[in-house]
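The lines below spell out each chain.
Number of protein chains: 2
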Amino acid sequence: MPSFDAWTCPAPLRDYQTIVMGHGGGGKLSAELVQHLFLPAFRNSALEQLGDAALLQLEGARLAFSTDAYVVRPLFFPGGNIGDLAVNGTVNDLAMSGATPLFLSSAFILEEGLALDQLGLIAATMGAAARHAGVQLVTGDTKVVDRGHGDGVFITTSGIGLIPPHVQIGPHFARPGDVVIVSGTIGDHGIAILSVREGLEFGAPIESDSAALNGLVADLLVDHAAAIHTLRDPTRGGVASTLNEIAAAAGVGIRIEERALPVNAAVRAACELLGMDPIYVANEGKLVAIVAREHADAMLTLMRNRPLGSKAAIIGEVTAEHPGVVVARTGIGGSRIVDMQIGEQLPRIC
Amino acid sequence: MPSFDAWTCPAPLRDYQTIVMGHGGGGKLSAELVQHLFLPAFRNSALEQLGDAALLQLEGARLAFSTDAYVVRPLFFPGGNIGDLAVNGTVNDLAMSGATPLFLSSAFILEEGLALDQLGLIAATMGAAARHAGVQLVTGDTKVVDRGHGDGVFITTSGIGLIPPHVQIGPHFARPGDVVIVSGTIGDHGIAILSVREGLEFGAPIESDSAALNGLVADLLVDHAAAIHTLRDPTRGGVASTLNEIAAAAGVGIRIEERALPVNAAVRAACELLGMDPIYVANEGKLVAIVAREHADAMLTLMRNRPLGSKAAIIGEVTAEHPGVVVARTGIGGSRIVDMQIGEQLPRIC
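In order, the protein sequence lines correspond to chains A and B.
What the first sequence shows, in the numbering used here, is residues 1 to 350, in sequence order.
What the second sequence shows, in the numbering used here, is residues 1001 to 1350, in sequence order.
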């Protein structure tokens, strides 16, 4: 076993000596923690793809394997609870690799004193979400920590999916000329969490968009498998972080039209009030698709005919210019760089 | 989504309204939580096998899939830390189904304020443990919770393994006449944790036995695949809980010889001082094997020639009498029922 002495903190962690909230925010600090601390420790080629799911070869089959820890606060919020979030989030990570999600595991870290009826409701919600998504919760684990050392319940779900032979989807497949589609309104989940956490009211109630997207992806794959280059679900850090990650992975630029971004009126009003930009706010039932231009219109039409894609929109395109950089044309005709955030706008959003 | 009103707490949870530490202890309370709360919510045939790993059919391959959350306190202890525990524990759960462990995921729930050099050491230890066990850490996730809502770091690892075609191992395959082997001294991990947590000194330092057992299992499978009916790693609840689970699953009785149980002298002394029975104390690098009688001696010899099995011993046999019950013949010639514990002797042992 390595000793304390033998291991020294890698340099480029911005002089932090301890974990700060931003290390969990899905922005630059998260990326640096992975890059400088976890990757050197775990180094292997599957991990270094850094997709939402690892792509594995096993007995001739192509598997996707993904894991996510869920620490959302509060446990219950408009539109869902930590249970369906934990199922849908991992189902979506698998679906974004083009895989058909099949099996989930769930590990619970319970805090002493958690009400059993709350846990029961969360478990029932997970079961219902799994059935709805067509996946099975096949194995699990339960640990209990003493009061004051947890926060009700944390859930880690991991999932296995099977990638059909003809599917080749990944962040590095985006290429200049491709079209960027988002499957619906952005920012709903983050603002729903924020509103209930802070006791804010914005007129119309804002609900989380928590949903499993594997059905929508399956429908898209029927006629457009070769045209889908990249799929990502823009969770922590929102559409902005997702596009930045794709631009970096593929070595391309991305240009979006700010006015084209679909945003619910209530979410837009809340964001203006709070000084937040919806492009950075988390979603839990939306996908970003980078697709071949000649298929874009047909895919948009298909999405709009599905409940989970009814507000889908083409929001931009992939460019050969400014590789690694995301640029937005603003409503008044100017343009601005949409950078990745350092830390996080909203902690514990998922 | 089910509503609070629609869901009522299942009856047989002993009138508890909230989670207590014992629900995480691997004893009767843990089993009841799974039986009455999680199973009805998640119901499916793979889950109902209730093995340490789920057994899945995928494209003609037989996969084992397992998950465990690690919440051990303290994070660092004699013989290991939470990092190698999280790797070895999940590797062992896969190996106990006869699978060759291949891929692991790891999800970290970090508490704000955790020292980065501690996290770095834990990650380095995980990487080393994975290489040692011959598995790859292929995907992961990191979340951060605010100070006072976590406990340094919790790690959930999930794993995928491949079960060779000729292997049929499971708790329900134990049958009367089989021999019970344990691969080495029992109770080391639990007493190591307890000693450092409580600041106890027992003369000789007691180290955790944290180790990956997949190599030992692979060696046993070469000549004895058909003779191995059941493998389990006796973690929470110790050898006693493991034998009770096997007896219940297979509908058989188990009779053991108390004097045959290998126990390190320092562990025995500590247990006597503390009024604990090593048969209930957790292990993290030992296995219990239920094997066909005619192979038992050869398997024992093989184990004893391996570092991880050098103290292996035959400790008892499977009987047709008293199905579901584990009986120990005591040192003075009497016999006692070795029941499963209700809650837990040592919280947060893994």
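No wet-lab data here; the hints were simulated from the structure.
Incorrect hints may have been included.
[To be verified] If you want the footprint, here are the derived chain A segments under chain B, 3+ residues with CB under 8 Å:
1) 16-24
2) 192-199
3) 262-272
4) 318-331
[To be verified] Simulated restraints, written as ranges between beta carbons of each label pair:
5) 40/A to 1045/B: 38 to 46 Å
6) 205/A to 1113/B: 31 to 39 Å
7) 164/A to 1275/B: 53 to 61 Å
8) 1016/B to 226/A: 51 to 59 Å
9) 1175/B to 226/A: 34 to 42 Å
10) 1275/B to 60/A: 40 to 48 Å
11) 197/A to 1017/B: 21 to 29 Å
12) 1017/B to 331/A: 32 to 40 Å
13) 1113/B to 197/A: 19 to 27 Å
14) 197/A to 1201/B: 21 to 29 Å
15) 1078/B to 176/A: 56 to 64 Å
16) 218/A to 1310/B: 28 to 36 Å
17) 1200/B to 148/A: 22 to 30 Å
Yeah, the Cβ is synthetic: ideal placement off N, Cα and C, and Gly gets one too.
If any of the earlier hints don't hold here, list their numbers in rising order. 2, 3, 4, 9, 10, 12, 14 and 16
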